[in-house]
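Student: Chains L and U are the protein sequences, given in the same order.
Our numbering applies: residue 309 is where the first sequence begins, and numbers increase by one.
Our numbering applies: residue 309 is where the second sequence begins, and numbers increase by one.
Check the hints yourself; a few may be wrong.
Treat identical chains as interchangeable: a pair holds within one or across any two.
Here are the simulated lysine to aspartate or glutamate pairs, DMTMM-like style, with alpha carbons at most 25 Å apart [said to hold, decoys possible]:
(1) Lys768 - Asp646
(2) Lys683 - Glu554
(3) Lys768 - Asp648
(4) Lys541 - Asp646
(5) Lys741 - Asp691
(6) Lys490 - Glu554
(7) Lys750 - Asp738
(8) Lys538 - Asp398
(9) Lys490 - Asp691
In short, the hints are calculated from the structure, not lab data.
These are the residues of each chain, in order.
2 protein chains.
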Amino acid sequence: MGDVIQNVLIPVRDGYATVNVEITNDRISAIRHHLDTFETVIDGQDKLLLPGFVNGHTHSSQALQRGLIPQLPLELWLADVLDSSSNDLDAYYLGALFTAVNTLLSGGTCVMDHAYLLAGQELESIRAAVRAYKEVGIRAFIAPLTYDEPFVAAFPSGRSLPHQPYSQSTAEILELMEAVVKEFHDPEAGINIAVGPTGFQRCSDALFEGCAELSDRYNLCRHIHLLETKAQKMLAYEKYGVSGVEHLRRIGFLDHRTSLAHSVWLTDEDIEHLVQTRSTVVHNPSSNLRLGSGIAPILKYIEAGVNVAFGCDGSASNDGQDLLEAIKLGTVLHNVTDFDYRHWITPRMAIDMAAMGGAKGVNLADQTGSLTVGKKADMVLYDLTNLSLLPHTDPIGLLVLGRPTQVVDSVWVNGRRVVANGQVLMTDADHLKQELLNRSRKASRPQFQTIHQVESHYRKVMGL
Amino acid sequence: MGDVIQNVLIPVRDGYATVNVEITNDRISAIRHHLDTFETVIDGQDKLLLPGFVNGHTHSSQALQRGLIPQLPLELWLADVLDSSSNDLDAYYLGALFTAVNTLLSGGTCVMDHAYLLAGQELESIRAAVRAYKEVGIRAFIAPLTYDEPFVAAFPSGRSLPHQPYSQSTAEILELMEAVVKEFHDPEAGINIAVGPTGFQRCSDALFEGCAELSDRYNLCRHIHLLETKAQKMLAYEKYGVSGVEHLRRIGFLDHRTSLAHSVWLTDEDIEHLVQTRSTVVHNPSSNLRLGSGIAPILKYIEAGVNVAFGCDGSASNDGQDLLEAIKLGTVLHNVTDFDYRHWITPRMAIDMAAMGGAKGVNLADQTGSLTVGKKADMVLYDLTNLSLLPHTDPIGLLVLGRPTQVVDSVWVNGRRVVANGQVLMTDADHLKQELLNRSRKASRPQFQTIHQVESHYRKVMGL
Numbered sequence: 309m310g311d312v313i314q315n316v317l318i319p320v321r322d323g324y325a326t327v328n329v330e331i332t333n334d335r336i337s338a339i340r341h342h343l344d345t346f347e348t349v350i351d352g353q354d355k356l357l358l359p360g361f362v363n364g365h366t367h368s369s370q371a372l373q374r375g376l377i378p379q380l381p382l383e384l385w386l387a388d389v390l391d392s393s394s395n396d397l398d399a400y401y402l403g404a405l406f407t408a409v410n411t412l413l414s415g416g417t418c419v420m421d422h423a424y425l426l427a428g429q430e431l432e433s434i435r436a437a438v439r440a441y442k443e444v445g446i447r448a449f450i451a452p453l454t455y456d457e458p459f460v461a462a463f464p465s466g467r468s469l470p471h472q473p474y475s476q477s478t479a480e481i482l483e484l485m486e487a488v489v490k491e492f493h494d495p496e497a498g499i500n501i502a503v504g505p506t507g508f509q510r511c512s513d514a515l516f517e518g519c520a521e522l523s524d525r526y527n528l529c530r531h532i533h534l535l536e537t538k539a540q541k542m543l544a545y546e547k548y549g550v551s552g553v554e555h556l557r558r559i560g561f562l563d564h565r566t567s568l569a570h571s572v573w574l575t576d577e578d579i580e581h582l583v584q585t586r587s588t589v590v591h592n593p594s595s596n597l598r599l600g601s602g603i604a605p606i607l608k609y610i611e612a613g614v615n616v617a618f619g620c621d622g623s624a625s626n627d628g629q630d631l632l633e634a635i636k637l638g639t640v641l642h643n644v645t646d647f648d649y650r651h652w653i654t655p656r657m658a659i660d661m662a663a664m665g666g667a668k669g670v671n672l673a674d675q676t677g678s679l680t681v682g683k684k685a686d687m688v689l690y691d692l693t694n695l696s697l698l699p700h701t702d703p704i705g706l707l708v709l710g711r712p713t714q715v716v717d718s719v720w721v722n723g724r725r726v727v728a729n730g731q732v733l734m735t736d737a738d739h740l741k742q743e744l745l746n747r748s749r750k751a752s753r754p755q756f757q758t759i760h761q762v763e764s765h766y767r768k769v770m771g772l
Numbered sequence: 309m310g311d312v313i314q315n316v317l318i319p320v321r322d323g324y325a326t327v328n329v330e331i332t333n334d335r336i337s338a339i340r341h342h343l344d345t346f347e348t349v350i351d352g353q354d355k356l357l358l359p360g361f362v363n364g365h366t367h368s369s370q371a372l373q374r375g376l377i378p379q380l381p382l383e384l385w386l387a388d389v390l391d392s393s394s395n396d397l398d399a400y401y402l403g404a405l406f407t408a409v410n411t412l413l414s415g416g417t418c419v420m421d422h423a424y425l426l427a428g429q430e431l432e433s434i435r436a437a438v439r440a441y442k443e444v445g446i447r448a449f450i451a452p453l454t455y456d457e458p459f460v461a462a463f464p465s466g467r468s469l470p471h472q473p474y475s476q477s478t479a480e481i482l483e484l485m486e487a488v489v490k491e492f493h494d495p496e497a498g499i500n501i502a503v504g505p506t507g508f509q510r511c512s513d514a515l516f517e518g519c520a521e522l523s524d525r526y527n528l529c530r531h532i533h534l535l536e537t538k539a540q541k542m543l544a545y546e547k548y549g550v551s552g553v554e555h556l557r558r559i560g561f562l563d564h565r566t567s568l569a570h571s572v573w574l575t576d577e578d579i580e581h582l583v584q585t586r587s588t589v590v591h592n593p594s595s596n597l598r599l600g601s602g603i604a605p606i607l608k609y610i611e612a613g614v615n616v617a618f619g620c621d622g623s624a625s626n627d628g629q630d631l632l633e634a635i636k637l638g639t640v641l642h643n644v645t646d647f648d649y650r651h652w653i654t655p656r657m658a659i660d661m662a663a664m665g666g667a668k669g670v671n672l673a674d675q676t677g678s679l680t681v682g683k684k685a686d687m688v689l690y691d692l693t694n695l696s697l698l699p700h701t702d703p704i705g706l707l708v709l710g711r712p713t714q715v716v717d718s719v720w721v722n723g724r725r726v727v728a729n730g731q732v733l734m735t736d737a738d739h740l741k742q743e744l745l746n747r748s749r750k751a752s753r754p755q756f757q758t759i760h761q762v763e764s765h766y767r768k769v770m771g772l
C-alpha cells in the first residue's frame, strides 16, 4: 500500500519525537510510536522528517542565465535579462527540470514558477514546463508571466523614453491564459495553473481584473511581483496617486489565494491591506540582496499577522537555486532590522513559514504544509549523518542556520517517493548536467544593448 | 618535481585564459600556454584554478556548538557559549579538524583561528589544534584568544553586576603567550602563532601593549575582535572617553599586521585610522546577521582603501563553516546599503578580497594571494562540471553569486596537494563524521544559566 518510515525524528512542540510515519496512497495515514505494518520499511535512524517546503517564487527559464548578469538594480538587470534570454524550447524544458531538481534537493516539494512565455510559443512553453515537472514528480504551480504594457512603463517617467506599445492586447493575453488553464490545470495530477500578471509596473487594470475573473471562475491562485524596488514605489504614486497595494485592493486583486513576491517597499498601511485580504508575502532574500532591492520588513509582517513564505526567485537574480539557503538568509537577515532579539525568527518558525506558510500561499493549507495524519504526504527526509548536519545539537537549528549540503535523502510528493538516497528517481541528473555542459560550450557571450537605452534615464529619476 | 595542471581556466584581466600551471616544490614555477614538462599531469579541462582564500576569522573549538545556541545578540550569546563549552581536548582537536576540512572544501588554503584556550590546558589546546592543522595540511594562523578582564566587563556599566576579578594576571597571560610562540610558531611548516587579545571589551591596555611587544619581537600577526556590536561602541566611550579605534591606535596596537574581525560600528574617523595604520578588516557577514550585530560598512572601507578579507567566524555564530557562503553574503549584502550599483562589489573583487585581501591580512601578500610565478602554490581547483556551477556563463560570477556545493576538486597548500577528487587526503572524513555522530549520541542538553544573570542588565542598558 505504501511506505513506512521507521524510527524517524520529527519535531514536536517541545523538541523531537522518534516515530513511525506511514504513507497510504497519497496521504500520511498514521504517525505512531509503535510499528504496526510491515510494508516497504525505510530506516529513519539518524534522519529527520519535515513537511515539504514551497519554493514560493521562481522563474524556471532563467536557469541558463545563472552567473551571467552583473549585479544591477532590477530595472537595469531586466534589460540584460531580455538581451540574454533564449527562445529555445529545449532550454526552457531544461530550466524547469533544473528548477525542479534543485527544489527537491533543497527541501521543497512544491514550486511556484512565475513562468516567462516564449514569444510565439506560449502554449509550447507551458507544455515544456509541465513535462519537466511531471517527469520529476514535483507539485507545481505555473503562473504564466503576463503584461500588457511596454518595458519602459516600469520606469518612473518611463513613457518619456522612446518605445512602442506592447505587441499583444489585453484580450489576447486573457484568451491565451484561459487556453492554458483549459489545457494544463490539473490539481489532482499535481499541475496547477495560476494567474501571473507580472506586477503593476507593466500591467493595466484590465489585465488584473481579467486575471482575477479567471481566478474566480477556475479557483486559481494569483501570483504577482509587488513593490520589489524603490522605483516601483515611486511609479505607483505616479500611476495611481495612491500606493500600489491600495490600488490592487481597490480593483479586487488581493485575496487569500494571492501571493506577492518580494513586497519590499510596503508602508504600515499597505501591511494592513495584506492582513485584511489574507494575502501572502513570498520572501526572496537572496534576490533582494543581489539586485540591491532592499530588506523586506518581514518582522513587521509576522507581527501584523501576514502569512510569509520563502522563494528562491529566478536563477538570473539568485544564481543559487537552493531553498535552504533562501530560508537561512530570510531568517537571519532580519536580525539587523530590529535590536530586540525577542522578535527574531527562530529556526522552528522558519521551517513553519517554509512549509505551512508556503502551503497557505498556494491555497493548500488544508492539504499540505504539516506532518498531519490525513494530509497529503509531501515530505522530506534529511540525512543527519551528513557532515554539514553534525553534530546533532538541534537538527532544525543546524538545518536552518548552518550550510546544509546534499542533506536530502528522500522526498515524497503526493505519497510518491520521487527522491531516494539523494537521487531524483525519475530523471537522469547526469544527463541534465551533460546537457548544460554541452550548451555552455556552444553558448556565445550575449551583447547587453538594451541597458544603454535606459540607464541614463534610470540614474536621473533615481537621483544617482 | 611537482604537479602540472594542464589546460586549466584561470582569470585574466578581461576574462579567462586556458593555461598550464606548473608547481615546483612549494612554488608556482610557471604559467604557460604550452606544456613543456611531463611530470604529474592533472587534467584541468572544465576546471577553474584560483588562488586559495583565507578564512580570516574563526574559532575552531565552536564546531561542537553548531546549531545549539539560540539567536541572541553577542553579549547574551556569549553567556550561552560559556555554558555549553567543553573542556575536552579530543573535542578541541576535532573542532580544528572540522574547521580545516570545511575551509579546504570551500576554497580556503589558510585559516586564522582565534583559538579559545581550555582552562588549565592552555598549551595542550594549542598543541591539539596544531596537530589537526598539520594533519590536514592547511596553512594556519593560531591566535590564542586572551583577556584579562571579567565577563561582565564587556557590558556597558557591566562592572555594576556581581563579579569576581579575572583569574589570571596580565603577566601570566603574556608569559603563556610567549611559551606558545616558542613552542609552536613555525612559519616554514605552515603553523603561525599570532597574538589574539579578544578585544577592548575584556582587555587591559597592558595586555594589548604586551601583545604588541611580542608581535614586534617575533614578527607575529595581531588579531582581535573590533566593534562587533553597538554595546561595544557604547562601552568604548565609557571606558576610554574616545572611540575604541582611536584608543587602540594611541596605544600602538594597530599596524599592517593587524586584522580586525567584524568592524561593524566604526565612524568615518575610525576608518581613517585603519587607512593610516594599514590594518585589515575581516568581514564575517553570516555571524553579523545571526547575532544581529549589524551590517559592516564594507563599501565605505573599500572606497577609503582599507584592506578587507572574509571570515566564517566560529560555528556557534555561523553554524555553516563555508567560506564560499561567507563570500557570497559579504558580496551581495552591501547592495542594500548603497543605491548606486556602481559601488557594489563585483564577483572578481570578491575573489580578490578573499585571496589577496586575506593574504594581506595575515602579512603574506608577498608570498600568497594570487596566481603568480614565484609565489607559494596555495591554490584551489574547482570542478565546473558540478551541477551547481552549470552552465558556464561566467564561472567566477556563478562561484560567488550561486550556491556552490562540493565544487572543490583539488587544493594545494605550499605546493603540496592536500585535496584531490574532492577528498581531503591526509585525514579520514568518515572518521570525523563518525566521531561527531558518536559525540552527538552521548551529548546532554546544556543548561543555559549565565544568561539569566545578565539579561535584564543588558536589556536595560540597551534600551530594550
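Student: Now, for every hint given, state plainly whether the structure supports it.
Tutor: Comparing the hints with the structure gives:
1. Taking identical chains as interchangeable, the C-alpha atoms of Lys768 and Asp646 lie at most 25 Å apart only when they sit on different chains, with a minimum of 16 Å there against 32 Å within one chain.
2. In this assembly of identical chains, the alpha carbons of Lys683 and Glu554 never lie at most 25 Å apart, being 36 Å within a copy and 61 Å across copies at closest.
3. Only between protomers do Lys768 and Asp648 lie at most 25 Å apart by alpha-carbon distance; the minimum there is 12 Å, versus 38 Å within a single protomer.
4. When the C-alpha separation of Lys541 and Asp646 is checked against a cutoff of 25 Å, the pair qualifies both within a copy, at 23 Å, and between copies, at 18 Å.
5. For the homomeric pair Lys741 and Asp691, the shortest alpha-carbon distances inside one copy (24 Å) and between copies (12 Å) are both at most 25 Å.
6. Proximity of Lys490 and Glu554 under a CA criterion of 25 Å is satisfied in neither setting, with 32 Å inside one chain copy and 70 Å between copies.
7. Within a single copy, Lys750 and Asp738 get their C-alpha atoms as close as 19 Å, which meets the 25 Å cut-off; across copies the closest is 40 Å, which misses it.
8. Taking the shortest Cα distances, Lys538 and Asp398 never come within 25 Å of each other, neither inside one copy (36 Å) nor across copies (53 Å).
9. Proximity of Lys490 to Asp691 under the C-alpha cut-off of 25 Å is found in neither arrangement, the shortest distances being 41 Å within a copy and 44 Å between copies.
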